[in-house]
Amino acid sequence: MSLVYSGVVSHAPGITGRADLCKNIEKRDEFYAKLNQQRLDIEATGAEALIVIAAEHFANFFMDNMPAFCIGIGDKYSGPIEDPEWLKIEKTDVPGAPDLARRLTKEVMQTVDTAYAEEWKFDHGIIVPLHFLTPRYDLPIIPVNINCQGPPLTPLHRAWAFGEALRRACDSVPEKIALVGTGGISHWPATPDSGKINEAWDREFLDRLMRQDKQALLSYTDEETYRDAGQGGFEIRTYLAAAAAAGGKGNLQFYTPDLPIFAVGCTVASFDLAA
Amino acid sequence: MSLYYLQKFLYQLNRDELFQQKCREDIEACFEGFDLNGEEADALRNGDIGLLYVLGVNGQILMHYAAFLGIEWFDYLELMRQGIVKHGPVRAGVYTMTGGGDAFAEEDTHK
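Chains as they are written, first to last, in our numbering: chain R, 1 to 275; chain Z, 1 to 111.
Just so you know, the hints here were simulated from the structure itself, not pulled from any lab data.
Misleading hints may appear alongside valid ones.
[What the hints assert, rightly or not] From chain Z, some residues computed to sit far from chain R (all C-beta separations above 12 angstroms): (1) Arg15; (2) Gln21; (3) Glu28; (4) Asp42; (5) Asp48; (6) Phe74.
[To be verified] Now the in silico label distances, taken between C-beta atoms and shown as ranges: (7) R:Glu43 x Z:Val85: 46 to 56 angstroms; (8) R:Gly46 x Z:Lys86: 53 to 63 angstroms; (9) Z:Asn37 x R:Ser2: 48 to 58 angstroms.
No residue lacks a Cβ here, since even glycine has one placed at the ideal position from N, Cα and C.
Build the full structure now, drawing on both the sequences and the hints.
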């Protein structure tokens with residue numbers, strides 16, 4: 001078949017771990033409802049596997065050998081690496097899709113030099129989205145990483161090319177595949193400025209993303225992003241890859257800067273899939 | 001280069017339960033193989049979140065270490081702020097250009 005769904009979704013440890021500290025209960029539950037709707041949308045496609053394009057946070061990759069891209073080809077994964085009590089998610093195993101992932105990797109490699117890994121420990125960057133999107137952990141997952149954490153970072157135009165390569169790979173196999181990019185927009189996670197969100201920057205970015213304005217999306221420099229959107233803003237690479245894989249306009253289903261306890265502007269969106 | 005090994009130590013600690021157990025039992029032995037200077041080793045011996053932040057440890061690494069130490073979220077944020085007051089601006093790493101932690105008022109209301 002091919003790619004049957006592409007979307008984006010926020011991740012942050014606070015989304016689960018600090019849910020009980022949230023004062024804006026109405027907005028929190030609205031966000032959770034949108035996450036649940038995204039789950040239903042993905043399930044409705046009949047997806048047989050879910051690619052999660054993540055911006056993992058030094059759970060598997062470090063500056064001793066940091067890949068610009070990596071695709072998980074393992075038969076199972078485990079997570080979270082974080083204290084389950086802290087994250088409010090129990091440790092679990094998650095099924096992989098080794099045969100499919102190998103075929104996708106082989107196709108991606110025709111145009112983008114990606115690393116691959118049979119071992120992968122999920123941190124909050126993947127397990128928090130899965131907690132909402134596949135709460136029974138019964139959908140095979142293909143984790144994908146773009147280096148958004150350890151400079152030198154993956155260039156934005158390469159993240160875009162990677163997304164396009166993933167699309168070509170998905171379209172070359174018979175399985176139905178869903179894809180989500182997960183990251184933050186502006187945020188300063190795990191720093192003294194945690195909770196700060198640049199709403200104006202977020203909305204401008206989301207406007208560019210929903211319009212599929214490649215030129216505008218690729219025009220951000222890391223220096224500008226760092227200044228205006230914090231180090232968490234580097235994670236826009238995952239959103240760019242998801243948009244590039246889809247090729248169509250976006251449908252912003254939810255955005256709010258009003259949950260600072262989650263330390264990220266909470267976002268849910270999907271993209272039309274271009275033919 | 002020293003920040004590299006300081007972060008690598010915490011990277012290993014964060015993802016390896018056996019290493020966590022060893023650190024609880026004998027942290028000095030765990031330092032072997034990591035090229036740490038005296039200040040960095042002291043920060044790890046003392047679980048000094050504020051100093052580790054000022055030395056340049058990435059928050060995505062540091063927050064997991066704080067959880068390992070049993071430090072609550074708001075205490076973790078406060079310890080970093082106190083580190084800046086005590087030791088000055090972040091010296092190395094990705095945060096050398098960040099603000100000084102003056103934009104957290106809204107989240108603080110959740111205390």
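These are the hints, each one checked on the structure:
1. The claim that Arg15 (chain Z) is not at the interface with chain R is violated, since a C-beta of that chain comes within 12 angstroms of its own (minimum 5 angstroms).
2. The non-interface label for Gln21 (chain Z) is consistent with chain R: the shortest C-beta to C-beta separation is roughly 14 angstroms, beyond 12 angstroms.
3. Non-interface status of Glu28 (chain Z) relative to chain R is upheld: no Cβ of that chain comes within 12 angstroms, the nearest being about 23 angstroms off.
4. Look at Asp42 (chain Z): its CB is around 21 angstroms from the nearest CB on chain R, clear of 12 angstroms, so calling it non-interface holds up.
5. The non-interface label for Asp48 (chain Z) is consistent with chain R: the shortest C-beta to C-beta separation is roughly 15 angstroms, beyond 12 angstroms.
6. With a closest Cβ-Cβ approach of about 9 angstroms to chain R, Phe74 (chain Z) is found to fall inside the 12 angstroms limit, against its non-interface label.
7. One distance hint, 46 to 56 angstroms for the beta-carbon pair Glu43 (chain R) and Val85 (chain Z), holds here, with the actual separation near 50 angstroms.
8. Range check, Gly46 (chain R) to Lys86 (chain Z): about 57 angstroms between beta-carbon atoms, so the 53 to 63 angstroms window is met.
9. A C-beta distance of roughly 54 angstroms is found between Asn37 (chain Z) and Ser2 (chain R), which places it inside the suggested range of 48 to 58 angstroms.
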